[in-house]
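Trainee: The chain contents come next:
There are 2 protein chains.
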Amino acid sequence: MSCKESETYAVPGFLANGIHAGIKENGLKDLALIFSVVPAKASAVFTRNCFKAAPVLLDMERIKSGVAQAILANSGNANAATGEDGYADAVDMSRCASDKLNIADELVLVASTGIIGHRPPVRNIKEGMEGLVGGLHPNGIPAAAEAIMTTDKFPKMSCRKEWIGSREISVCGIAKGAGMIEPHMATMLAFAMTDADIDFHTLDAVFKQAVDRSFNAITVDGCMSTNDTAIILANGMAGNKQLKRNSNNLSLFKEMLFSVMSDLSDAIVRDGEGATKFIEIIVDEASSITDAKKVAYAVANSNLVKTAFYGCDPNWGRIIAAAGSTGINLPVDAVKLYFEEIPVFAHGKGIDGHEKELLEIMSRTNIKVFLKLGMGNKSHRICTSDLTFDYIKINAHYHT
Amino acid sequence: MSCKESETYAVPGFLANGIHAGIKENGLKDLALIFSVVPAKASAVFTRNCFKAAPVLLDMERIKSGVAQAILANSGNANAATGEDGYADAVDMSRCASDKLNIADELVLVASTGIIGHRPPVRNIKEGMEGLVGGLHPNGIPAAAEAIMTTDKFPKMSCRKEWIGSREISVCGIAKGAGMIEPHMATMLAFAMTDADIDFHTLDAVFKQAVDRSFNAITVDGCMSTNDTAIILANGMAGNKQLKRNSNNLSLFKEMLFSVMSDLSDAIVRDGEGATKFIEIIVDEASSITDAKKVAYAVANSNLVKTAFYGCDPNWGRIIAAAGSTGINLPVDAVKLYFEEIPVFAHGKGIDGHEKELLEIMSRTNIKVFLKLGMGNKSHRICTSDLTFDYIKINAHYHT
Numbered sequence: 017m018s019c020k021e022s023e024t025y026a027v028p029g030f031l032a033n034g035i036h037a038g039i040k041e042n043g044l045k046d047l048a049l050i051f052s053v054v055p056a057k058a059s060a061v062f063t064r065n066c067f068k069a070a071p072v073l074l075d076m077e078r079i080k081s082g083v084a085q086a087i088l089a090n091s092g093n094a095n096a097a098t099g100e101d102g103y104a105d106a107v108d109m110s111r112c113a114s115d116k117l118n119i120a121d122e123l124v125l126v127a128s129t130g131i132i133g134h135r136p137p138v139r140n141i142k143e144g145m146e147g148l149v150g151g152l153h154p155n156g157i158p159a160a161a162e163a164i165m166t167t168d169k170f171p172k173m174s175c176r177k178e179w180i181g182s183r184e185i186s187v188c189g190i191a192k193g194a195g196m197i198e199p200h201m202a203t204m205l206a207f208a209m210t211d212a213d214i215d216f217h218t219l220d221a222v223f224k225q226a227v228d229r230s231f232n233a234i235t236v237d238g239c240m241s242t243n244d245t246a247i248i249l250a251n252g253m254a255g256n257k258q259l260k261r262n263s264n265n266l267s268l269f270k271e272m273l274f275s276v277m278s279d280l281s282d283a284i285v286r287d288g289e290g291a292t293k294f295i296e297i298i299v300d301e302a303s304s305i306t307d308a309k310k311v312a313y314a315v316a317n318s319n320l321v322k323t324a325f326y327g328c329d330p331n332w333g334r335i336i337a338a339a340g341s342t343g344i345n346l347p348v349d350a351v352k353l354y355f356e357e358i359p360v361f362a363h364g365k366g367i368d369g370h371e372k373e374l375l376e377i378m379s380r381t382n383i384k385v386f387l388k389l390g391m392g393n394k395s396h397r398i399c400t401s402d403l404t405f406d407y408i409k410i411n412a413h414y415h416t
Numbered sequence: 017m018s019c020k021e022s023e024t025y026a027v028p029g030f031l032a033n034g035i036h037a038g039i040k041e042n043g044l045k046d047l048a049l050i051f052s053v054v055p056a057k058a059s060a061v062f063t064r065n066c067f068k069a070a071p072v073l074l075d076m077e078r079i080k081s082g083v084a085q086a087i088l089a090n091s092g093n094a095n096a097a098t099g100e101d102g103y104a105d106a107v108d109m110s111r112c113a114s115d116k117l118n119i120a121d122e123l124v125l126v127a128s129t130g131i132i133g134h135r136p137p138v139r140n141i142k143e144g145m146e147g148l149v150g151g152l153h154p155n156g157i158p159a160a161a162e163a164i165m166t167t168d169k170f171p172k173m174s175c176r177k178e179w180i181g182s183r184e185i186s187v188c189g190i191a192k193g194a195g196m197i198e199p200h201m202a203t204m205l206a207f208a209m210t211d212a213d214i215d216f217h218t219l220d221a222v223f224k225q226a227v228d229r230s231f232n233a234i235t236v237d238g239c240m241s242t243n244d245t246a247i248i249l250a251n252g253m254a255g256n257k258q259l260k261r262n263s264n265n266l267s268l269f270k271e272m273l274f275s276v277m278s279d280l281s282d283a284i285v286r287d288g289e290g291a292t293k294f295i296e297i298i299v300d301e302a303s304s305i306t307d308a309k310k311v312a313y314a315v316a317n318s319n320l321v322k323t324a325f326y327g328c329d330p331n332w333g334r335i336i337a338a339a340g341s342t343g344i345n346l347p348v349d350a351v352k353l354y355f356e357e358i359p360v361f362a363h364g365k366g367i368d369g370h371e372k373e374l375l376e377i378m379s380r381t382n383i384k385v386f387l388k389l390g391m392g393n394k395s396h397r398i399c400t401s402d403l404t405f406d407y408i409k410i411n412a413h414y415h416t
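Just so you know, the protein sequences line up as chains A and B, in that order. With the first letter of the first sequence counted as 1, position 233 gets the number 249 in the numbering used here; the numbers rise by one all the way through. With the first letter of the second sequence counted as 1, position 29 gets the number 45 in the numbering used here; the numbers rise by one all the way through.
Some hints could be false.
Treat identical chains as interchangeable: a pair holds within one or across any two.
[What the hints assert, rightly or not] Result set (DSSO-like, lysine-lysine): computed pairs, CA atoms no more than 27 Å apart in a straight line:
no., residue 1, residue 2
1, Lys169, Lys409
2, Lys394, Lys270
3, Lys384, Lys310
4, Lys80, Lys260
5, Lys409, Lys372
6, Lys40, Lys372
7, Lys260, Lys177
8, Lys177, Lys270
9, Lys372, Lys388
These are calculated hints, taken from the structure and not from any lab test. The model shown is predicted, which means the values in this text are computed figures rather than measured ones.
Build out the structure end to end from the sequences listed, making use of the hints.
Mentor: Structure below.
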C-alpha cells in the first residue's frame, strides 16, 4: 500500500518535527528532528567526496556502532569546508539535541545542507531546540521533510505499509535534492524509518542495495556534493519475527524499502534544479554493468543531450556522440538507439520516417531512451532531467 | 611576429578560398578549400569518439601516407552517423576537389561539421567546386576560416612569421569551435599550414605535442564530437634547411606552432557557445599529470562551477566539491585554492576577509583559478568558459 494521506506518513515509534530556527533568512523551516522512542538499528551511506562536510565526518564515526536514536538535520548551511571549528559545531549541534532528548550524545546523527564554507549558526539551533523537541509528533514527518529543503520546490516523502507475517510493517522516507545530484554516492539527504525488527547486517546490506538502485542511479547535474547522506533507522517496534538474511519475508521488506527509496530518488530528479522533464536512459546489451553505467552516465550528463530534451528536439546524434565518447570500444554497426519504441539509429546510421511520432514523444514529460550496445547482456538504468534556463538562473544566483 | 593585418594571413605556396555552396540555409559561407601548390607533409589528430564521422574515417586512411595537398571542408552538415552511404559521400566530395585541382584523389583530405545524421548535399558541393577552385587565392585563408563556422560568432585565425636561419618561415592556422568542445581529443576543426621544410616524423611529433597543449587543454561543454579533426600541412616552400628532431631551430618552430594553435584554442573557448568569460584552471602540486588533468577537468566541466562564474559569484565551495569528487584521495588539509592571487581555501576551510577583491576579480572577463593539491610537483592547465542562458538557448533550439 502506498500512503497518499499526510497522516499516513507515520511509522510506529518514530516522532518527528520541523521548524524555522532562523538559519534560513527567508523564514522557512530549516531544522528537522527525527526521533525513535527506542534506540534503533542504523545504517548509512555517505558522499565519496574528499571534502566531506563536518556532519558527514561525525556521522561516519557514530554509525560504526550500528545504533542511533535521533537525526538532527538543518538546511541553509552545509557546515562543509569549515575545518575543525565546523566539526566542533557539528558535535555541539548533536549535543543540543541529546541534552533535550535526554539520550546519549553518540545516538544522535547530524546532517546539514546548504551553503558551503560558513560555520553553522549553532546558537539558532540551540535556541530552536526546545520548540523542536517540544513539537515532536507521530505525524511530524512532513514537517521534517519540509525543513530539509533548500532549492527543492516540493518536499519528498514516501511510505509503504505491508503485512509481514502477522504484523504490519511501515517503511517511510524523506529526502531533499535539487542541486549537486550526481552518480557514485548516496545523494543529498535521505532518511528512512521503519518499525521492522531486522538483524543489523541484513538491514545494512539491504539498505546499501536499495541506495545503489535508487539514489546512485540518478543524476541531475553531474556534481557530487560534500554532504550527501542517506540514513535508515529500524526500531523493531512492529514486533515481527526478526528479519534475517534468509528470512522468507525479506524479499517483501526489500521491495518496500526499494519502492520508498525509488519514489524519493525519482522525486529528486523530477524536482532537479530547473527540470521540466524526467528522462530514463536504459543502456542494454553491455558486456559489463560497469560499461553500461559508464555509457548511461555519459549520455545522462551530456549538456548537449540535456538541452536537446529541453528543446523537445529528437537530436539522437548527440546521444550517439555522448555514448561514443567514453573510451569503450563500441561496435558501431551493432549499436541501436530507440526513443520509447521508435528506432532512430541502427547499422551505423540514422533511421528516417518517424518524425511525427518523435516530436510527439519529445513533447512528453516522461521519456525513455533505450540504447542497445550489441556487446553482451548487462544493463543499467539512469534517470536524469533536462538542462534549462532555470538551472542557470538558480545556480548563477545562489550566492555564497 | 603576430599577424594582425588580414593580408598577413598567408603562407607561401598555400592558396585558400571559402564560398556559400548552398549547404547552410542562411546563405553564409559553408565550403572551404585549402590547397598547397606542391604536395605537403601532413599529420593529423582525430576525435577518439567511437562514432567517427565519415570524413574522419576517410582521412584516417589517407593520412597514413604522411602526404596531402588539399583540405576540403564544409560546415552545415557533419556527415556523421550516415553509414556506408556517408562514407561514399565523403569519397565523392574529395573527388569533386581532386578532379578540379587535377591532383590524385588520395591527396585530398575532407572535413565536415554541423548536424549529425544527415547525408551531405554532395550535389551542392559539386556545383560549388568550380567557383571554389576558381577563387583560390594566397589571401583566401580568412574566407576559408569563415566557411567552416557553425555557431561560432567569429572566425578563428592565427599566424606567426619568424626567421629561421636565413629563411622567413610562416605558420598559419584556422579553426572552428563553439559547441561539442571537450577533453581527450583534437577539437572541432583546425587546419594549420606552414611553408617550413621539416622532416615528417619531426612534424608529426611536434604537431601532436602542440595539439595536446592547446586543443586538448580546453573544454566548453564536456561533449566530445564525432568530427574533431586537426590537420597540419607543411609544404617546404620556405626552402630552409630541413628541420629535424635535433635541429637547433626546432624549438623556435615548435614555439611558433604552439603559439598559433594556442591562439586558436583560446579563441574557441572565448567563443564557446554562450560564453561570457575565459577561465583558466591551473592545478598544481599533483602527484601525476593524470591526476592534475582529472582534477582540472572535474572543475572545468562542473556545471555548478561554470554557472557560478556566470553569476560572478566567488563560490569556491563548488570548486572544492568538484575537485573532491574525482576519486583521487586529496589531502584535505593541504589543498589550497586561489582566485588569481587571493587565497580562498586552506587548512580544510575557507579564508574570509577578501570579499571586495573577490567580487572585483569575478567581474573580470579573464579569471585564473589556482588549485594546489599538496601532493607533488605535477601540474596541468585547462581553459574553460562559463555556462550561461545563451548556451541553453543555442543548444535547445539547434534542431535536427
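Trainee: If a hint holds in the structure, say so; if it doesn't, say that too.
Mentor: Going down the list of hints, with the structure as the test:
{"no.": "1", "hint": "Lys169 - Lys409", "in the structure": "both (15 Å within a copy, 23 Å between copies)"}
{"no.": "2", "hint": "Lys394 - Lys270", "in the structure": "within (22 Å within a copy, 47 Å between copies)"}
{"no.": "3", "hint": "Lys384 - Lys310", "in the structure": "within (18 Å within a copy, 31 Å between copies)"}
{"no.": "4", "hint": "Lys80 - Lys260", "in the structure": "within (20 Å within a copy, 64 Å between copies)"}
{"no.": "5", "hint": "Lys409 - Lys372", "in the structure": "between (32 Å within a copy, 23 Å between copies)"}
{"no.": "6", "hint": "Lys40 - Lys372", "in the structure": "between (48 Å within a copy, 24 Å between copies)"}
{"no.": "7", "hint": "Lys260 - Lys177", "in the structure": "within (19 Å within a copy, 77 Å between copies)"}
{"no.": "8", "hint": "Lys177 - Lys270", "in the structure": "within (12 Å within a copy, 71 Å between copies)"}
{"no.": "9", "hint": "Lys372 - Lys388", "in the structure": "within (23 Å within a copy, 53 Å between copies)"}
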